[in-house]
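Chemist: The lines below spell out each chain.
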Amino acid sequence: MALLSMEKVSFSYDKKIDAVKNVSLTVDEGEYVAIIGHNGSGKSTLAKLFNGLCKPDSGEVVVDGFSCKDKKSLFEIRKRVGVVFQNPDNQMVASIVEDDIAFGPENLGVKREEIGERIQFALASVGMEEFRKSSPARLSGGQKQRIAIAGVLAIKPKILVLDESTAMLDPQGRKEVLEVVERLNKEQKTTLINITHYMDEVVRADKVYVVNDGEIVLSGTPKEIFAKRELLEECGLELPVSSKIAQKLIELGVNLPDGILTKEQLAEELCVLKQKI
Amino acid sequence: MRIEAKDLTFTYSKKSKAISNRALENVSLCIEEGEFFGIIGQTGSGKTTFVQHLNGLIRVQKDSGSLSVGEFDLTAKKCDLKALRSRVGMVFQYPEYQLFAETVKDDVAFGLRNFKKELSLEEEERRVKLAIETVGLNYEEIKDKSPFELSGGQKRRVAIAGVIVTEPEVLVLDEPVAGLDPVGKRDFMKLLHRLHASFVKTIILVTHDMNVVSENCTRCAIFSHGKIHSVGSPKEIFSNYEQLIELGLDIPVTAYLERELKKLGIDVDSDLTESDFADKTAKAIVGGKQ
Amino acid sequence: MKDVTFGQFFPAQSFVHKLDARIKILLSIAFMVAVFMVQAFQFMGFVACLLFVLVVTALAKVPFGKVLRSIKGILFFIVFSAVLQLLFNKNGTTLWHWKFITITDKGLLNAGFIICKITLVVLGASLLTLTTSPVDIADGIESLMYPLKWIKFPVHEFALIMSIALRFIPTLLDETDRIIKAQKARGANFESGNVFKRAKALVPVLIPLLISAFRRAEELADAMDARCYSGSKNRTKYKKMRLTWRDAIATLVVGGLITGVVFLNITGFLAVVL
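Chains as they are written, first to last, in the working numbering: chain G, 1 to 277; chain C, 1001 to 1290; chain A, 2001 to 2274.
No lab work stands behind these hints, which were simulated from the structure alone.
Please read all numbers here as calculations on a predicted model, not as lab measurements.
A few of these clues could be false.
[Claimed, not checked] Dumping the calculated BS3-like pairs for lysine-lysine here, alpha-carbon to alpha-carbon at most 25 Å:
no., chain 1, residue 1, chain 2, residue 2
1, C, K1143, G, K274
2, C, K1143, A, K2200
3, A, K2233, G, K71
4, G, K244, C, K1116
5, C, K1105, G, K276
6, C, K1015, A, K2061
7, A, K2233, G, K55
8, A, K2072, C, K1014
9, A, K2197, C, K1227
10, G, K133, A, K2239
11, G, K156, A, K2233
12, C, K1014, G, K274
13, C, K1062, G, K244
14, G, K276, C, K1263
15, G, K244, C, K1077
16, A, K2066, C, K1014
17, A, K2233, G, K72
18, A, K2197, C, K1082
19, A, K2200, C, K1062
20, A, K2239, G, K111
21, C, K1015, G, K15
22, G, K244, C, K1201
23, G, K69, A, K2061
24, G, K133, A, K2237
25, A, K2181, C, K1116
26, C, K1015, A, K2072
27, C, K1077, A, K2072
28, A, K2072, C, K1105
29, A, K2240, G, K133
30, G, K274, C, K1280
31, C, K1015, A, K2181
32, G, K244, C, K1185
33, C, K1262, G, K248
34, A, K2240, G, K156
35, A, K2061, C, K1014
36, C, K1082, G, K223
37, A, K2149, G, K111
38, G, K158, A, K2237
39, C, K1105, A, K2181
40, C, K1185, G, K248
Extracted from the complex, chain G is given alone in its bound form (with noise of 0.2 Å):
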């Protein structure tokens, strides 16, 4: 059974236009699954739906057994739905690092030494252990984000969800980010939600959702995703640039293949075909 299911799930916030329209989707454990669209369409609504910040007017979300039907659920789904948030700086609540980390926790109502030993092995995990007593104020965009990811590790979630979480970074904070969390998701089997409009950073995962108008459009693998740039472009998405110069290449009679996703896939065909002649 799949660890977190969408059924026929709609959504609005004013009762006119829908923000989520009848989407479907499921995401098993350990995945590592990408939901992709322009800005204002819906996306964001769906990591709110995952866990149960917003309640859809139609449908059912199931997490690990629990419906948001169900209100006595609502707190086991919050428990295992982990979110991250866009700004880094609107999502903690307290000055010092380990106290923002110990807030899930404390919630939670767990021990204070199991506590303690949560903001160890959080802090461990997005490696930031030697900030543990700093002040987030005086951390880059992408180190504040790790300690949000921190804090949401902490509740020990089955599921981490990134709102749009690399939106406000720099490159190099969207690559700490993207690298702590792909690095869970392999090694403590993490199950990975990633939203975001960076067509390049959906490249590595197992299962691609196109989000536009609040519908699912497409999904797929990335590759098959990214074969087709017309219906993407209809959506307000655009190919990575390797992909659009891969096209291009093609396009001005380069023999290349379909599907090229990165740079250093680009330059290996490229180099292929210089071989070829």
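Fit chains C and A to the given chain G structure using the hints.
Modeler: Frame of chain G, contents of chains C and A only:
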């Protein structure tokens, strides 16, 4: 307006030694009229401090070098900042957070009313309309709306309209595409080129995105630890691959590919824009086959 | 702007800095009580209190200038109170008379007395804030307020509000700086004009700031919910404060000071009576 900085140095909290922090050190840089100039560097490298000098938001400190923007001498005690700011427009990161007025029209007109008090109402409306249409919005549809009921993308456009309404000759933009999705980014860069083709003579773009630099800029400067590391065309700058990586910076995809191809003995030698690179690579590979 | 240190906390490694925040708050209050207990014209009491301030400042490794600076802010208030005493105390022998102004010896003494009192109270308070970080003060207050739970005072919520307020001060300062610069770039002028004009000029700063604060609050609420926040029920607390031998010593010293002041008061009283 030509911009010339000589040995510009700036220290935050200069008075208290414990927390004083040198943000710029002997920065010398010339930006000619008509350039589309890129400023690159990691967060905290001093690039924001530098550009905020250009319209006098940060004043040149005593004995800390000189700076002139067109006929304005920013080192002089008496510098007409108002006149300067009306001609050097500045777009901040997330500019939509500066909106405040009740209607879009009033917000866009804010700068105009501050700078050019003698304008007639008709002239004001004409200029506001022009600015709003330049950023790609429908004036009649949007002018009486509250800026806060617009979508994120529209808000940003209105904020830009509020800066270009005074038709500045120099436009400085600090990370203007941050948070935009790919299509929003592409449209925004198109808008910049449109502006560059009309009244904006010089564009200075602070960005982290190396592909944006190689695709759009005539020249660029790399800032590192408050100093200028190098200045030149994207081609010159990005040939220094190892050094850039050392500075924690990326290089554009085209520069990366050119480098890889060179290892294979193919010298593409494009100007690093995507289309020029694709053309020349195709010629080198397909041409070689025939 | 980024490195703005709000409040006046002066970080250092010292005996005073290491004291438990709760003890420091209580002892500061005790010190102020001692200052107020000094009876009229017992200037020896003030000398004792001043000596105490000097010793603590030295122990805390805080430059005395920093401590004195705290008086600057309320200098007007001190002078004002002293002048009032001078002008309106008509008891005692007249020293000087001019039209409706009469200055008496008692008035003069009272003025000096008020100056000493307020100055010492402010010095004591600033010693607390100089040697205790805002976060520790907030934690200390929370802990001291704990007994109020019995009268259903929402201690936990109050503490959370303080913590969040402290956390967001640097963020909002940064934001204010940015908005001011953005509006200046659009020709806003905050420096000239009369009071009314200047207040009006702040509107383009205050409105975006307010809107941003609300946006942040909304996002923060979501983030807190997402981290399983559901009020104070069944909540544990990670941070724990511990008392050490230092706190015992400090309490003894302040206790001694109060005893001294009381002793001086009694001997003064006896001297008058006998």
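Chemist: Now tell me if each hint is right for this structure.
Modeler: Going through the hints against the structure:
Under the criterion of a C-alpha separation no larger than 25 Å, the hint pairing C/K1143 with G/K274 is inconsistent with the structure, at around 57 Å. Our distance criterion of 25 Å between C-alpha atoms is met by C/K1143 and A/K2200, whose separation comes to about 23 Å. Restraint check: the Cα-Cα separation between A/K2233 and G/K71 comes to about 17 Å, which is no more than 25 Å; the hinted pair holds. About 46 Å separates the Cα atoms of G/K244 and C/K1116, which puts this hinted pair outside 25 Å; it is violated.
A C-alpha spacing of about 62 Å is found between C/K1105 and G/K276, which places the hinted pair above 25 Å, so the restraint is violated. Straight-line distance between C-alpha atoms of C/K1015 and A/K2061 comes to about 21 Å, which keeps the hinted pair within the 25 Å bound. Taken as a hint, the A/K2233 and G/K55 pair is honoured in the structure, with Cα atoms around 23 Å apart against an allowance of 25 Å. For the hint pairing A/K2072 with C/K1014, the CA-to-CA distance comes to about 22 Å; that is within 25 Å, so the pair holds.
A hinted pair counts as satisfied when its Cα atoms are at most 25 Å apart, and A/K2197 with C/K1227 does not qualify at roughly 41 Å. Taking the CA atoms of G/K133 and A/K2239, the gap is near 12 Å; set against the 25 Å cutoff, the hint holds. Proposed proximity of G/K156 and A/K2233 is supported: the alpha carbons are some 20 Å apart, at most 25 Å. As the CA atoms of C/K1014 and G/K274 are separated by approximately 58 Å, the hinted pair breaks the 25 Å bound.
Of the supplied pair hints, the one linking C/K1062 and G/K244 is violated, its CA atoms being roughly 50 Å apart against a limit of 25 Å. Distance restraint check for G/K276 and C/K1263: the Cα-Cα separation of roughly 16 Å lies within the 25 Å cut-off, and the hinted pair is therefore satisfied. For the hint pairing G/K244 with C/K1077, the CA-to-CA distance comes to about 51 Å; that exceeds 25 Å, so the pair is violated. Taking the CA atoms of A/K2066 and C/K1014, the gap is about 18 Å. The hint holds against a cut of 25 Å.
The suggested pairing of A/K2233 with G/K72 holds, with an alpha-carbon distance near 15 Å, which does not exceed 25 Å. This hinted pair checks out: A/K2197 and C/K1082 have alpha carbons roughly 17 Å apart, not beyond 25 Å. A C-alpha spacing of about 32 Å is found between A/K2200 and C/K1062, which places the hinted pair above 25 Å, so the restraint is violated. Proximity of A/K2239 to G/K111 is assessed by CA-CA distance (about 11 Å); at most 25 Å being required, the pair is judged to hold.
Of the supplied pair hints, the one linking C/K1015 and G/K15 is violated, its CA atoms being roughly 57 Å apart against a limit of 25 Å. A distance of roughly 30 Å separates the Cα atoms of G/K244 and C/K1201; the hinted pair therefore is violated under the 25 Å criterion. This hinted pair does not check out: G/K69 and A/K2061 have alpha carbons roughly 60 Å apart, beyond 25 Å. For the hint linking G/K133 to A/K2237, the alpha-carbon distance of about 17 Å falls within 25 Å, and the restraint holds.
Note on A/K2181 and C/K1116: the hinted pairing holds, with a Cα-Cα distance of about 19 Å set against a maximum of 25 Å. Between C/K1015 and A/K2072, the direct Cα distance comes to roughly 19 Å. Compliance with the 25 Å bound is thereby established for this hinted pair. Using a Cα cut-off of 25 Å, the hinted pair C/K1077 and A/K2072 is violated, with the two alpha carbons roughly 31 Å apart. Restraint check: the Cα-Cα separation between A/K2072 and C/K1105 comes to about 46 Å, which exceeds 25 Å; the hinted pair is violated.
A C-alpha spacing of about 15 Å is found between A/K2240 and G/K133, which places the hinted pair at or below 25 Å, so the restraint holds. Distance hint between G/K274 and C/K1280 is fulfilled; the C-alpha atoms sit about 15 Å from each other, no more than 25 Å. Restraint check: the Cα-Cα separation between C/K1015 and A/K2181 comes to about 22 Å, which is no more than 25 Å; the hinted pair holds. A hinted pair counts as satisfied when its Cα atoms are at most 25 Å apart, and G/K244 with C/K1185 qualifies at roughly 15 Å.
Distance restraint check for C/K1262 and G/K248: the Cα-Cα separation of roughly 20 Å lies within the 25 Å cut-off, and the hinted pair is therefore satisfied. Straight-line distance between C-alpha atoms of A/K2240 and G/K156 comes to about 23 Å, which keeps the hinted pair within the 25 Å bound. Only pairs whose Cα atoms come within 25 Å are accepted, and A/K2061 paired with C/K1014 is accepted, the gap being roughly 24 Å. A threshold of 25 Å between alpha carbons decides the hint, and for C/K1082 with G/K223 the separation of about 54 Å lies outside it, so the pair is violated.
Our distance criterion of 25 Å between C-alpha atoms is met by A/K2149 and G/K111, whose separation comes to about 21 Å. A C-alpha spacing of about 24 Å is found between G/K158 and A/K2237, which places the hinted pair at or below 25 Å, so the restraint holds. With a C-alpha separation of about 21 Å, the suggested pair C/K1105 and A/K2181 falls inside the 25 Å cut-off, and the hint holds. For the hint linking C/K1185 to G/K248, the alpha-carbon distance of about 20 Å falls within 25 Å, and the restraint holds.
Checked against the numbered hints above, the structure breaks hints 1, 4, 5, 9, 12, 13, 15, 19, 21, 22, 23, 27, 28, 36 and satisfies the rest.
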